[in-house]
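Asker: Please arrange chain H on chain U, whose structure you already have, making use of the hints.
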Amino acid sequence: DQQVKQNSPSLSVQEGRISILNCDYTNSMFDYFLWYKKYPAEGPTFLISISSIKDKNEDGRFTVFLNKSAKHLSLHIVPSQPGDSAVYFCAASRPFRGGTSYGKLTFGQGTILTVHP
Amino acid sequence: GAVVSQHPSRVICKSGTSVKIECRSLDFQATTMFWYRQFPKQSLMLMATSNEGSKATYEQGVEKDKFLINHASLTLSTLTVTSAHPEDSSFYICSARRQFTVNTEAFFGQGTRLTVV
Numbered sequence: 001d002q003q004v005k006q007n008s009p010s011l012s013v014q015e016g017r018i019s020i021l022n023c024d025y026t027n028s029m030f031d032y033f034l035w036y037k038k039y040p041a042e043g044p045t046f047l048i049s050i051s052s053i054k055d056k057n058e059d060g061r062f063t064v065f066l067n068k069s070a071k072h073l074s075l076h077i078v079p080s081q082p083g084d085s086a087v088y089f090c091a092a093s094r095p096f097r098g099g100t101s102y103g104k105l106t107f108g109q110g111t112i113l114t115v116h117p
Numbered sequence: 001g002a003v004v005s006q007h008p009s010r011v012i013c014k015s016g017t018s019v020k021i022e023c024r025s026l027d028f029q030a031t032t033m034f035w036y037r038q039f040p041k042q043s044l045m046l047m048a049t050s051n052e053g054s055k056a057t058y059e060q061g062v063e064k065d066k067f068l069i070n071h072a073s074l075t076l077s078t079l080t081v082t083s084a085h086p087e088d089s090s091f092y093i094c095s096a097r098r099q100f101t102v103n104t105e106a107f108f109g110q111g112t113r114l115t116v117v
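Chains as they are written, first to last, in the numbering used here: chain U, 1 to 117; chain H, 1 to 117.
With the rest of the complex left out, here is chain U (with noise of 0.2 Å):
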């Protein structure tokens, strides 16, 4: 059962143009999300999350929405940039509730994103 859904496996994008990544999801119960970027071979790593209570957030040249009622956020890059060319995850939690399970992440599939120069 997949959560978390990156419909897109690919998307190319001109430098300086916007680049918007797409994810869904089905659980009710996440109240955060995530996107990491990451290059083969390592680690992703932290771009930008945003919670349930807020529709949007902002930080440079990324900006992540989010729709709850469609379940549906999007991860706006503007300027795209070379060097943004990587695969991109969204990943979502649930509510902190204590005990051992908080901090677990439910990631999609991923969106390989290339930056043309």
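Be a bit skeptical, because a hint or two may be false.
Stated by the list, open to error - Just a few of them, taken from the derived set where beta-carbon distance is under 7 Å, the chain H residues facing chain U:
1. Ser43
2. Ile93
3. Glu105
4. Ala106
5. Phe108
6. Gly109
7. Gln110
8. Gly111
Unchecked claim - Below, a list of computed lysine-lysine pairs in the BS3-like style, where the Cα atoms sit at most 30 Å apart:
9. H:Lys66 - U:Lys38
10. U:Lys5 - U:Lys54
11. U:Lys104 - H:Lys66
Quick caveat, the hints were computed from the structure, so don't treat them as lab data. The structure presented is a predicted model; accordingly, all values stated were derived computationally and were not measured. No residue lacks a Cβ here, since even glycine has one placed at the ideal position from N, Cα and C.
Answerer: Structure of chain H alone, referenced to chain U:
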């Protein structure tokens, strides 16, 4: 910022031998750490949750006797792949979140590329 260090980054072992992978949180305490596995062109799959001072919690389908997890201190978790077989070859990644925080990012180690020959 917080750093999670994973060692070794690459390991090649013979079938039937065991391999230990270490995951350390360098500047924060983590009562819980997570071990993921990534197959080529696939998402990060959670294998188990490592709990300091108690038994690990394994995801469905993960053999606990094959993937031994020990979380002996607040900054160190180890994953031992026992009696390794070629199908265990994969990219293993650990992560941790700061203790006593809510809605914060998880930090990932650099990953370990295991090749069983």
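Asker: Need the list of violated hint numbers for this structure, in ascending order.
Answerer: Of the numbered hints, all hold.
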